Structures are given as structure tokens and as C-alpha cells.
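Engineer: Residue-level listing of the chains:
There are 2 protein chains.
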Amino acid sequence: MNLTPSNSSESKRPLILVTNDDGITSLGIRTLVEIAQTIGEVVVVAPNSPQSGMGHAITIGQPLRLYSTELFTEVDEYECSGTPADCVKLAKHYVLKDRSPDLVVSGINHGSNSSISILYSGTMSAAIEAAIEGIPAIGFSLCDYREDASFEHVKEYVRSIILMALEKGIPKGVALNVNFPKLSEEPLKGIKICRQANAKWQEKFDYRKDPYGRGYLWMAGDFVNFDHDKEDTDEWALSQNYISVVPCKYDLTSYEALESISSWSK
Amino acid sequence: MNLTPSNSSESKRPLILVTNDDGITSLGIRTLVEIAQTIGEVVVVAPNSPQSGMGHAITIGQPLRLYSTELFTEVDEYECSGTPADCVKLAKHYVLKDRSPDLVVSGINHGSNSSISILYSGTMSAAIEAAIEGIPAIGFSLCDYREDASFEHVKEYVRSIILMALEKGIPKGVALNVNFPKLSEEPLKGIKICRQANAKWQEKFDYRKDPYGRGYLWMAGDFVNFDHDKEDTDEWALSQNYISVVPCKYDLTSYEALESISSWSK
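Line order of the protein sequences matches chains A and B.
Numbers in the working numbering are just positions in the first sequence, counted from 1, shifted up by 1.
Numbers in the working numbering are just positions in the second sequence, counted from 1, shifted up by 1.
A hint or two may mislead.
A pair holds if it fits inside one copy or across any two, identical chains being indistinguishable in the list.
To be verified - Using 16 angstroms as the maximum straight-line C-alpha spacing, the simulated EDC-like pairs for lysine to aspartate or glutamate come out as follows: (1) 190 with 103; (2) 201 with 252; (3) 205 with 99; (4) 231 with 186; (5) 169 with 230; (6) 156 with 168; (7) 13 with 168; (8) 183 with 75; (9) 169 with 260; (10) 98 with 204; (11) 190 with 71; (12) 98 with 207; (13) 205 with 233; (14) 231 with 77; (15) 173 with 260; (16) 98 with 260; (17) 13 with 42; (18) 173 with 257.
No lab work stands behind these hints, which were simulated from the structure alone.
All values derive from a computational prediction rather than experimental measurement.
Based on the sequences and whatever the hints tell you, model everything.
Structural biologist: Given below as C-alpha cells:
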């Protein structure tokens with residue numbers, strides 16, 4: 002007979018680290034924190050300013066600032082001057098010290114991070130940084146760039162994906178890239194497990210003059226999907242109003258190319 | 002009989018775009034430009050300041066500055082306020098307009114970009130950005146962080162790798178991650194084609210106070226190689242005084258994980 006006082010329901014609550022790239026005050030992270038709190042103990046370490054497009058940048062050669070905040074209720078929360086990847090490193094190795102999160106969730110990003118955008122995405126780089134640390138991780142993004150985008154239609158899916166990740170696990174070293182179609186009249190069709198579509202941004206540069214007569218350039222891209230007819234891709238799933246889930250890894254080796262350049266050794 | 006005046010030797014000189022992440026004035030890029038000039042027509046678009054650790058960051062929501070410079074001889078050259086990935090985008094879609102480079106070379110980086118460091122590397126992100134554009138690309142890095150690092154022992158290899166890339170080609174969508182051991186008494190043993198070692202940076206944060214009494218943190222990592230005994234990795238090659246060459250791709254899909262999470266669809 003076990004007489005140890007039971008606080009197992011308390012101690013078994015999973016520890017969920019929440020971060021993002023739109024900054025700690027964005028609606029997307031507030032939505033994600035709210036959902037994560039229904040499932041586990043939540044710690045937030047997120048950038049103090051928008052970090053969209055920061056990719057897997059980290060802050061080297063400069064110090065970082067970390068301040069505790071009071072934006073949420075019953076959450077251990079910090080804003081950081083660094084990038085999303087910095088936030089994960091700081092959370093794991095400084096804020097949480099010896100505790101390792103059961104899950105890292107990043108987002109919900111205001112804007113798509115499907116296909117090639119994963120490379121430029123701070124949201125996904127935070128999730129991939131967690132995967133490097135051996136922590137299960139999910140990046141969530143909504144294909145709606147607006148600051149006041151509606152997240153209502155994705156909440157139940159975010160919750161069920163987090164629960165599935167905690168229950169079934171995510172393979173070691175893998176982070177999930179989850180993208181949601183924007184709110185429309187048609188209900189979401191469900192989840193599709195996909196590969197990353199082969200696509201790129203075809204950039205245009207708009208040349209202008211500043212008030213001092215010096216030139217500057219604005220970058221603006223058109224999205225080009227080379228896999229537009231491929232039904233196994235994230236872009237196709239999103240176009241059909243499915244939620245796309247792409248398992249991602251951080252080994253960039255092109256194993257297919259190893260053989261073709263093997264003659265280079267000498 | 003063809004009477005057209007022949008300037009084929011001139012017109013066939015390959016167009017080589019050079020960039021880096023240490024900034025346009027660094028010794029590494031000067032060395033790379035010098036080598037590239039012995040092979041082809043060189044255009045330089047490089048950051049106006051150090052961009053180490055910038056990963057695949059791009060500048061969105063802010064304008065870019067681009068100025069022509071006169072640091073090199075007989076080179077069309079520009080410094081840019083953006084990231085290494087921005088430089089490639091600007092070069093391809095603005096500076097070169099309708100011309101596509103035959104090769105993009107990035108570096109030579111002052112410091113290693115082997116194994117996991119590829120994710121944080123501006124040098125390699127520039128090369129990968131070129132691969133996304135369908136341009137053959139190579140990132141060169143020297144495992145010596147010093148500003149005045151000696152590049153003498155790598156020059157002939159850089160040249161022969163560029164020539165091999167131009168002659169034999171690089172598979173579409175692939176960028177090569179080339180790392181050189183630092184100068185030592187032992188001569189380099191040659192080139193090894195490798196995979197990316199599974200490794201990570203185990204971060205430590207040093208807490209200090211600024212002159213105003215506010216806390217700040219310095220990030221400093223120890224490198225942990227989980228593949229230290231694996232002879233097919235870049236880390237092993239470098240430890241044995243080989244030059245490591247890893248073919249890299251920008252499709253992050255973990256195809257191995259697709260099946261294990263396929264039950265998540267509903």
C-alpha cells in the first residue's frame with residue numbers, strides 16, 4: 002500500500018515552453034498561451050519586438066536582455082531582446098535551469114510559414130532549435146498576416162495537436178511545421194501530413210529616395226510554387242483548406258547528392 | 002566558314018557572385034575575390050557589417066541600402082545593409098537584373114560552419130539562398146575565427162573546388178558546405194565528401210550588470226558532437242585534417258518521420 006501523499010495530478014502536468022517571432026504582445030502568442038494553459042504548466046520566453054524573417058539567427062558578439070513580464074495570468078513569463086532561437090536557448094539553459102520542457106510550442110504566427118518560408122521563419126527556427134535540444138517541438142502558423150487575424154477556427158486543432166504530441170510523441174530531432182488556412186466560410190477539412198513544397202519567393206526591389214536624397218530599396222516577393230500540382234505538399238493541403246503538418250529535421254545533408262559529388266574527393 | 006569575330010574566350014568567362022557574412026572588408030572575402038578573379042568575371046554584393054550568426058534571416062518590414070564600393074580591382078562591387086541572404090536576393094533580382102551567375106561563392110568565413118553551425122551561419126544561408134534560386138553555390142569556411150587568420154594553405158583548394166563546380170556541376174538545389182582545417186604544421190590531407198555531423202551547442206549564459214545596474218547576459222556555448230566516432234561526418238574529416246564537403250539542401254522535410262506521424266491525419 003502506497004502511503005506517499007499523492008500530488009501526481011499536479012506533478013504530472015506537462016511543462017510547456019511557449020515562444021514566437023511576432024513578439025510577446027501579439028495576439029498569436031496570447032492565443033497559444035491560453036490553449037497551452039488548459040493542458041500544462043506554461044513558461045513563456047519570447048522576443049520583446051517583432052522578429053519575423055529572422056530565420057535561425059542567434060545573437061553572438063552582443064549581450065542579451067531578459068526581463069520578466071506580467072502579461073499573462075499564472076505564467077512564468079519573460080521578454081527577451083534576442084531572436085526566437087535565442088529565446089529557446091535562454092529558456093532551456095538559463096530560465097529553466099535543470100528542468101527540460103515536455104514540449105516547446107512556437108507561434109501562433111501571423112502569416113504562413115509553409116514550404117520555403119520555413120527557412121526565413123523565426124517561428125519555425127525556435128521549434129527547430131528545440132528539436133536540436135532534443136525537445137519535442139511544434140511551430141504553429143496561420144495563413145493570415147493581419148495583426149487582428151481571427152484564431153477562433155484553429156483553437157481546437159492547436160489543442161488537439163498539442164495533446165497528440167504529448168501523448169504519441171514526436172520522433173527525436175523532429176519539429177512539426179503546422180500551418181492553418183485563414184478563416185473562411187468553409188470549415189477546415191482536417192489535418193494532412195505533408196512534405197515541404199518546392200517553392201521560392203521571386204523578389205522585386207522597389208527603389209525610392211529618402212528625404213535626404215539617398216536611395217533605398219524595399220524587397221517584396223511573389224510566391225512561386227514549383228509543386229503546385231503535387232498533392233503530397235503543404236501548399237496543396239492549405240489550398241484545399243486542410244491544416245498542413247510537415248515533420249522537419251535539422252540535418253541539411255543532401256544524401257541524394259553525396260554520390261554524385263563523391264568523385265570530388267582526392 | 003564562320004567569319005564572326007571570335008571573342009568566345011572573353012564571353013565564356015563564368016560570372017561568379019561573391020558574398021559573405023563577415024562583411025565586405027574582411028580578409029576572407031578579399032581572399033575569395035582574388036581567387037575567383039583568376040577564373041571568371043566577379044561581382045561582389047556583401048554586407049556592410051559583420052553578420053555572423055544571422056542564419057537565414059532576411060530584411061522584411063525595413064528598407065535596404067545598397068552602395069557601390071571601390072575595395073577591389075576590376076570588380077563590380079556593392080555593400081549592402083542587409084543580411085547575407087538579402088545580398089543574394091539583391092544581386093540576383095536587382096544588381097544583375099537579367100543575368101544569372103554561373104556560381105555563387107560565399108566566404109571565406111572566419112570560423113567553422115560545420116555540422117549544426119550551418120543553421121546559424123550567414124555564410125551558408127547565402128549559399129542556400131542561391132541554391133533556392135537554382136544557382137550552383139558553395140560556402141567556404143576556415144576553422145579559425147581570428148580576423149587575421151591565414152588563408153594561404155586553402156587558396157589552391159578553393160580554386161580547384163570552384164573549377165570542379167563549374168566543370169562538373171552541382172546537383173540542382175544543392176549548396177556545398179566546405180570547411181577547411183586551420184593552418185597547422187601538418188599539410189591538408191585532401192577533400193572528404195561527408196554528411197553533417199549530429200551535434201549541438203551546449204549554451205552557458207554569463208550574467209553581468211551594466212554601468213546602470215541593469216542585468217544582461219552573454220551567450221557562450223560548448224560544442225557537443227554526438228557523432229564523434231562517425232567517420233562519414235564533417236567533424237571527423239576536419240579532426241583528421243581533411244577538408245569537409247557536405248552537399249546541403251533546403252527541403253527540411255523529415256521523410257523518415259512522415260510515416261510515424263501519419264496517424265495524426267483525421
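Engineer: Which of the numbered hints are not met once you compare them with the structure shown?
Structural biologist: Structure breaks hints 1, 4, 5, 6, 8, 11, 13, 14, 16.
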